[in-house]
Structure formats: structure tokens, C-alpha cells
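Engineer: As they're listed, the protein sequences go chains E and V.
Just so you know, we're using the working numbering here: the first sequence kicks off at 1 and counts up by one.
Just so you know, we're using the working numbering here: the second sequence kicks off at 1 and counts up by one.
One or more hints might be untrue.
A pair counts as met if it fits within one copy or between any two copies, since identical chains are not told apart.
[To be verified] SDA-like, lysine to any residue: derived pairs with alpha carbons at most 20 Å apart:
(1) Lys94 to Thr225
(2) Lys76 to Leu58
(3) Lys241 to Met255
(4) Lys94 to Asp256
(5) Lys76 to Gly97
(6) Lys224 to Ala51
(7) Lys253 to Glu62
(8) Lys139 to Phe258
(9) Lys76 to Met1
Derived by calculation from the structure, the hints in this document are not laboratory data.
All values derive from a computational prediction rather than experimental measurement.
Protein chains: 2
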Amino acid sequence: MRLTFIAVENIPMVQPGDDLATLIDQGLETMGEVLQDDDVIVIAQKIISKAENRYLDLSKVEPSDEAIELALEVDKDPRKVQAILDESREVIRKRPGVLIVEQKLGFVQANAGIDQSNIISENGDDDDLCLLLPIDPDKSAADLRNEVSARHNINVGVIINDSIGRAWRIGSLGLAIGVAGFTALEDYIGQTDIYGRELLVTQVGAADEMAAGASLVMGQTDEKTPVVIVRGYKPRDPEDKSLRGVAPLLRPKDMDLFR
Amino acid sequence: MRLTFIAVENIPMVQPGDDLATLIDQGLETMGEVLQDDDVIVIAQKIISKAENRYLDLSKVEPSDEAIELALEVDKDPRKVQAILDESREVIRKRPGVLIVEQKLGFVQANAGIDQSNIISENGDDDDLCLLLPIDPDKSAADLRNEVSARHNINVGVIINDSIGRAWRIGSLGLAIGVAGFTALEDYIGQTDIYGRELLVTQVGAADEMAAGASLVMGQTDEKTPVVIVRGYKPRDPEDKSLRGVAPLLRPKDMDLFR
């Protein structure tokens with residue numbers, strides 16, 4: 001097996017309303033490349049959010065008493081804390097400089113995934129500008145998949161990834177927050193090893209493993225390569241519709257020993 | 001940027017004392033491939049442990065009272081629990097079927113990384129046979145790197161990976177447990193985004209991202225491709241010796257909100 005991760009070059013700064021399928025095609029064209037059947041498109045959350053105009057202007061946010069109190073505790077802008085609370089189900093951990101929540105979509109991450117780097121408003125005054133996660137990243141992924149399939153008459157998988165911190169280890173990891181046409185969780189339960197013994201590692205976060213590899217290719221310090229094409233994987237949609245999207249990767253709270 | 005993950009084919013079942021550099025060269029040769037300057041070799045923990053004869057025969061383990069009591073609590077073989085305790089600094093979480101520890105090397109993982117799948121003893125009676133993690137995975141990685149450099153007169157990076165469960169999400173992820181010639185943690189602290197604003201995501205677990213991508217290529221149900229060559233990354237050793245190896249990825253206990 002040979003997997004190739006190809007960073008798509010010359011993707012311009014994404015604006016609200018931009019058609020990402022067009023930008024990907026145009027970027028690949030500058031490289032003499034074209035999407036192929038069974039490619040997986042890994043795309044950074046940030047440009048999905050920009051295309052979907054998920055900007056929030058903090059100067060228009062009125063922090064509640066709860067947000068003001070919490071902001072003091074975690075040493076953050078009360079308006080940003082209000083935005084984080086608005087995007088969250090509950091606070092998981094807090095301490096000065098750190099606010100880890102369960103985001104509304106079920107992702108446990110710092111600041112509910114709200115980002116302030118690599119974004120700018122039209123008038124250049126960007127200090128109060130934030131970018132929220134997409135409203136429904138699985139739908140964003142599925143929409144892009146359908147658009148690409150319609151244009152090229154090919155099957156592709158789509159993963160939206162985001163850089164997320166983790167317990168026990170230092171350094172963020174690119175993880176999947178939206179998935180389409182790709183089995184996010186590979187389940188080997190009931191399968192046996194080469195000696196017929198039942199496997200101990202029975203579930204593999206395949207979409208996260210691909211999201212992580214793609215994140216390495218995307219880099220962090222600029223926004224020049226927010227799209228990576230992964231060639232050689234042959235993605236497939238789970239037959240069971242309940243297993244589609246990113247949900248199979250999210251551990252329910254009552255099954256989680258680390259909240 | 002283009003990264004290619006190449007699964008090395010035709011690696012035979014690894015035996016204690018095997019020279020892995022030779023097996024990798026031979027496997028690549030069957031594919032008409034050869035190691036190149038700046039390749040990264042990602043290699044599964046399991047075959048490192050086998051080559052280093054890290055087998056443990058549970059029939060020779062005498063469980064302590066503590067292990068017997070804990071085994072009842074977590075519904076596991078008391079001898080296996082004793083082996084896990086012997087390999088651990090402390091128990092992090094326990095419940096029936098689950099025993100998560102800080103392994104002696106600092107890795108937080110289930111069962112101290114002790115594995116019973118895909119291993120077999122010479123007489124075929126493998127029910128009591130376990131495989132422990134390498135004693136010093138960074139050294140194992142460095143030894144392999146030096147051997148490859150000496151043979152081919154090239155620079156390579158080496159990452160030893162293992163499938164590890166995580167908080168909040170279902171499904172294991174391939175993560176680095178040993179690193180040589182590769183900057184495990186990419187540190188962007190103090191760097192700015194494309195608008196000159198300080199980056200929010202400042203540390204990236206680069207070795208983990210590569211380990212995860214390679215794990216996807218290795219697969220899980222057989223042992224045929226426990227080595228993956230990653231081409232296109234240009235690995236480099238951190239100049240600061242204290243930042244070498246896997247240690248920069250491990251969050252110290254007193255800095256960890258999730259123990």
C-alpha cells in the first residue's frame with residue numbers, strides 16, 4: 001500500500017461564499033494535477049468556516065455575569081469567554097489561560113475551537129474578529145463531496161480537520177471534525193490476528209489517522225496549503241447510515257473516564 | 001509538499017535477535033525500492049519488541065496480593081495485571097475490563113502497552129505469551145537510525161509507533177513511542193501568522209501526526225506491513241539535545257489536567 005499526501009498549492013485566501021470545489025480544482029490545475037477516483041480531500045476547518053462566513057465580531061458580544069466571572073478565573077477576554085460558552089455544552093476543565101469545553105458538536109477542545117489566527121476583516125481591523133467552527137461539519141463535508149462527484153463523476157472521501165490538543169501529550173494533532181464518504185472508525189471487533197487470536201486493538205480512528213497525517217503536510221504557520229489530497233486509500237461510505245460522519249469517533253460522556 | 005507513505009512489503013515474521021535494518025532493506029528490494037536520503041522509517045513497536053526479545057511468559061509470573069485484588073476489580077488475569085503493574089508507575093483509571101496506567105516510560109495507555117495479539121511462541125502454545133514495550137524505544141530508534149546511516153551513508157529519521165487509545169474519542173491512534181533524527185514536537189511559540197498576529201496553535205505533535213498517518217498504512221489485522229517509509233519530509237534532529245527523542249511529547253503529570 002502506498003498513500004500519497006499532496007498539498008494543494010495556490011489556494012487563495014478564502015472569502016465568505018467561495019466555492020471550495022472550484023478553488024481546489026484551480027489549485028490542482030496550477031500543479032498539473034486533477035482529482036482522481038477514490039481520492040480523499042482533507043480540508044482545514046478554517047477555510048470551511050471562512051467560506052461559510054462563521055466570523056464572529058467580539059465587539060458585538062455582550063458578556064454575561066457568568067462569562068465575566070469565568071473570564072477572571074481563566075484570564076481571558078470576557079467577550080471571548082461568552083462566545084466560547086455560547087458554542088459549548090459544558091466546561092470540562094479551567095485554569096488560568098486554559099478553558100477546555102465540550103463544544104456543541106461533541107468535540108472536547110480548548111476554546112470551543114474558536115480561532116483568532118490567520119483571519120482578518122475587510123477593513124484590516126481584526127483584533128476582535130473570531131472564527132467559529134462550521135455549524136454542521138459533516139454536512140459541509142458531504143456538500144463538498146457531492147459537488148466534486150457531480151463535477152468529475154468520481155467517488156471521493158472528504159475529511160475536515162482541526163488542530164486539537166489532547167490529554168497526556170504535548171502538541172496539537174490534526175483530528176477529524178467532519179467526515180463524508182469515509183469510514184471514520186474502522187471496527188475489527190470479532191476479527192482475529194494472524195494466529196486466530198481475537199484482536200486486542202479492535203477499533204481504529206482511521207479518519208483521525210488520516211487527518212493527522214494531512215495536518216503534518218498542511219503545516220501551521222501559514223494558510224497556503226489548507227487542502228491535502230490523499231491518494232491510494234479507496235475511501236468508502238459505511239453501509240450502516242448510523243455510522244456515517246464523525247459521530248462514531250466521539251466517545252459519549254457516560255463512557256468517558258476522562259471528563 | 002508531497003509526502004508518500006510506502007508500506008514495506010515482505011517483511012518476514014520477526015524473531016528475537018533479527019536485524020531490522022536488513023529486513024527493511026530486503027523488503028524494499030522485493031519492491032524495487034531502496035532507502036533514500038531524508039526518508040523517515042516508521043516502525044511498529046511490536047516488531048521492535050520481538051527483535052529485542054521482550055516476551056514475557058505469564059505462566060512464570062506470580063501475582064501479588066495487590067495484583068490479585070486489582071484483577072478482580074478490572075476482570076483481568078491476575079498474572080497479566082501483575083505484569084502491567086511491573087511495567088507501570090501508577091494506575092490512572094480502572095474499571096471492569098479497563099486498566100489505564102502511566103507506563104514506566106511515561107506513556108499513558110491501557111495495559112502498559114502489553115500486547116497478546118499477533119505473537120506466538122516457538123512451540124505454538126501462546127496463550128500465556130505477552131510482549132512488553134521496548135526497554136528504551138528512543139535508543140531502539142537511534143540504533144536503527146545509526147545502522148541505516150552506516151549502511152547507506154544517508155540521513156534518516158526513525159519513529160517507533162504504537163496504537164494507543166485516547167480520552168474523549170473512540171478508536172486507537174498510532175502515536176510515537178520512540179523517535180530519532182526527527183523533531184517530535186514542532187514549536188512555533190513566538191512565531192506569527194500571515195497577518196503578524198501571534199499564533200494560537202503553537203506546538204504541534206509532528207512525530208505523532210506522522211506516526212498516525214503511518215499507522216493507517218500499516219493496517220491492523222495482520223503483521224505484513226509493520227514498516228512504513230515516509231518520503232518527502234526531510235527530518236531533522238533538534239539542535240538542543242534535551243529536545244531529542246519522544247520526551248518533548250509527554251506532558252508532565254503536574255501539568256496534566258486529565259489524570
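Engineer: Hints first: check each against the structure and report whether it holds.
Structural biologist: Here is how each hint holds up against the structure:
1. For a Cα distance limit of 20 Å, the shortest separation of Lys94 from Thr225 qualifies neither inside one copy, at 33 Å, nor across copies, at 42 Å.
2. Taking the shortest alpha-carbon separations for Lys76 and Leu58, only the intra-copy value of 13 Å comes in at or below 20 Å, while the best inter-copy value is 52 Å.
3. Taking the closest pair of Cα atoms, Lys241 and Met255 never come within 20 Å of each other, the shortest separation being 22 Å inside a single copy and 40 Å across copies.
4. Proximity of Lys94 to Asp256 under the C-alpha cut-off of 20 Å is found in both arrangements, the shortest distances being 18 Å within a copy and 12 Å between copies.
5. For the homomeric pair Lys76 and Gly97, the shortest alpha-carbon distance inside one copy (7 Å) is at most 20 Å, but the shortest distance between copies (40 Å) is not.
6. Proximity of Lys224 and Ala51 under a CA criterion of 20 Å is satisfied intra-copy only: 15 Å inside one chain copy versus 43 Å between copies.
7. In this assembly of identical chains, the alpha carbons of Lys253 and Glu62 never lie at most 20 Å apart, being 30 Å within a copy and 37 Å across copies at closest.
8. When the C-alpha separation of Lys139 and Phe258 is checked against a cutoff of 20 Å, the pair qualifies neither within a copy, at 29 Å, nor between copies, at 31 Å.
9. In this homomeric assembly, Lys76 and Met1 never come within 20 Å of each other (Cα to Cα): the closest approach is 47 Å inside a single copy and 36 Å across copies.
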